[in-house]
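Engineer: Fit chain V to the known structure of chain B by using the hints.
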Amino acid sequence: MNLRVDSPQAAVESSTLIPHGYYRRLRWISVSAVASVSVIPLIIMTVINYHQYEEAFRIEATRPVHRLTVSAKLSMESYLSERLSALQLVNRAASIEEMRDSAELAKWLTHIKRSFGGFVDLGLIDAAGKQVSYAGPHELIGRSYQDHDWFHEVSQRGVYVSDVFLGYRDSPHFVIAVIHDTSDGTLYVLRATIDTNAIVRRLASLAGPELNDAFLINREGILQTPSRLFGEVLGQLPFQVAENPEEPGILETKDPDGKPVLVGYAAVSNTPFEVAMINRSGVYHGDWLSLRRELVSFLIVSVLLILGMVFWGATYMINRARNADSRRATLYHKMEYTNKMAAIGRLAAGVAHEINNPLSIIHQNAGLVQDLLSVSGKEPPKEKLLSLIESVLSSVDRCSAITHRLLGFARHMDVETEEIDLELLIRGVLMFLEKEASYRNLRVDVTVDEKVPTIQSDRGQLQQVFLNIINNAFAAVEEGGSIAISVRKLNDQQVAVAITDNGMGIPEQNLAHIFEPFFTTKKGAGTGLGLSITYGIIQKLGGKIEVDSHEGKGTCFTVTLPLERKQS
Amino acid sequence: MRVLMVDDEVELVNALVERLGIRDIDAVGVTNGHDALEKIYEEPFDVVVCDVKMPGLGGLDVIKKVKEKWPDLAVILLTGHGSTRDAEEGVRAGAFRYLMKPINIETLVEVLREATEAGNGRGDGQIP
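If you read the sequences in order, they're chains B and V.
For the first sequence, position 87 matches number 87 in this note's numbering, and the numbering has no gaps at all.
For the second sequence, position 49 matches number 49 in this note's numbering, and the numbering has no gaps at all.
Isolated chain B, as found in the complex:
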């Protein structure tokens, strides 16, 4: 079965692969995430509270205005209805002859003034619009109302309540009028002028100390009674209220001084009037502005505190993580070194034998020289002595070469990038294993594609990688087995080194775990870190490692390396 593993996660290497800027990005992600889940709900809650408080303050301020406006409307309707009823009473109770007589009319005026109050004068106008009789303070008999709108309107509707107007008396007043229909079909209009001062007093008493102003307006916004804030009768209001509103309403506007005011308004039924009740909303606005300032200050201070805490917390945690990663990286580096030393240690038998042999030669050759000079009793030939000394020197060279090779492996632990000939590097690794191959009758072939260029990489790390993999290959094969190492150029950016053995292969259930730390099948003979560290180193060097294994047939590890190492 052909199984391929090309990207297992080796946990130990992660700490050494953290790119530049990782912690800064992690800190900003943490700060953004925590800040958004804490600050956004706070802002939303504050905005909701802001609107709730604003609405509560508004309701608190408008409620008395609304209540008094409704009272004023009902009061005005009642007042005018009473005046109309009084006029109707005169209209029905008095004969036309009585009403045509100004003296009789004056008696009726006196009577309704006493009974109802609020009347200024009383007059009768014939169908031609001429004042027939009059009881009151002005001289109006004979005056013609033929061209007056109110006269035509009352003629058509039967009952009429006028706007405030100046009229012949040249002072603001309003009238109520009803039709008097005689038995012979002749039409008369009975008209009364209403005392607006009584209305003004009534409105003022309704407004009481709670409100600042109360007055009547008509549908066009013309003042029908004097206003403390907006001027005298017949002046124009500086704002619009709803024309003939069905329900009482509240308007927020400003008075002539630019101060905010609440205007309660309501139509007085069956009249051209609307009552307007004014309350300066300075208190409401003042309290609300104060609370609003506190709310906004609370929000700003809270957000700044949260952001500060989040930033401090994230920085603290990231620093802890960075320190932990740094410690882990140091540990990992030590582990790599230990692994390398362990790998070299596994070669100790071969190395010891390699050193023992030249040492033995030196020992025996020196002993022979001693024998020749002392034991045999005769002068040894010079050539013989020189030959033995030459043998000693060449054996010393052998020992020296082995020592240098070992040191060359042990000292390359710091990460350095240099130009590397992969063939020379691999053959250097194989020199450690030459004797073992010879004793175990192993065939080791190295084939290198002619086009393979030198690569920029780390010599010490690559030595460790190939020592680990080739050591494993040696352990996997039986006596007389073979190991093939091929180096080839993959493309303009990469080279590949394949180490193939014809050993026992890796069981399917183990294949997925071979790059995991501490995974070993050597039962005490291995640390389980070799391939895990190999994987980490190759990742660090910008390459990748793949394994292709058939149980019982052999294994092939392919290491792909970049021609130039990317600086992380």
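Take the hints with a grain of salt, since some may be wrong.
Subject to a maximum C-alpha distance of 25 angstroms in a straight line, what follows is the list of computed DSS-like cross-link-like pairs (lysine-lysine) [stated by the list, open to error]:
#	chain 1	residue 1	chain 2	residue 2
1	B	435	V	64
2	B	435	V	65
3	B	544	B	451
4	V	39	V	67
Rather than coming from a laboratory, the hints here were simulated on the basis of the structure.
None of these values were measured; they are calculated from a predicted model.
Structural biologist: Below, chain V without anything else, positioned relative to chain B:
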């Protein structure tokens, strides 16, 4: 006493053969296991001194084959520090003793005498 020296390091074999000769021990050297077995077939020896680690036939292979044919022929194994386990296995397989490299020539001579006395060799080697 006739001794067969077997080691893949020819310079070591030559030096040992010559030093034993100076001590009146008739020694012959070969540099691999096959040559050693051939030599033993051809000539009588009292003791075989054989390196444990050699290309092809190693010391353990040689001792097994020797003991099959001549169980009384004494075999002394030479070993480095890295292969004492193999040497101990050789002793269990019938080796007279094993010596650690580098060997002291006087120690070797002493052990050779002991081995010759203990063993029966494979022929007519004489103790001097």
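Engineer: Among all the numbered hints in the text so far, which are the ones the structure does not match?
Structural biologist: Per hint list: zero violations.
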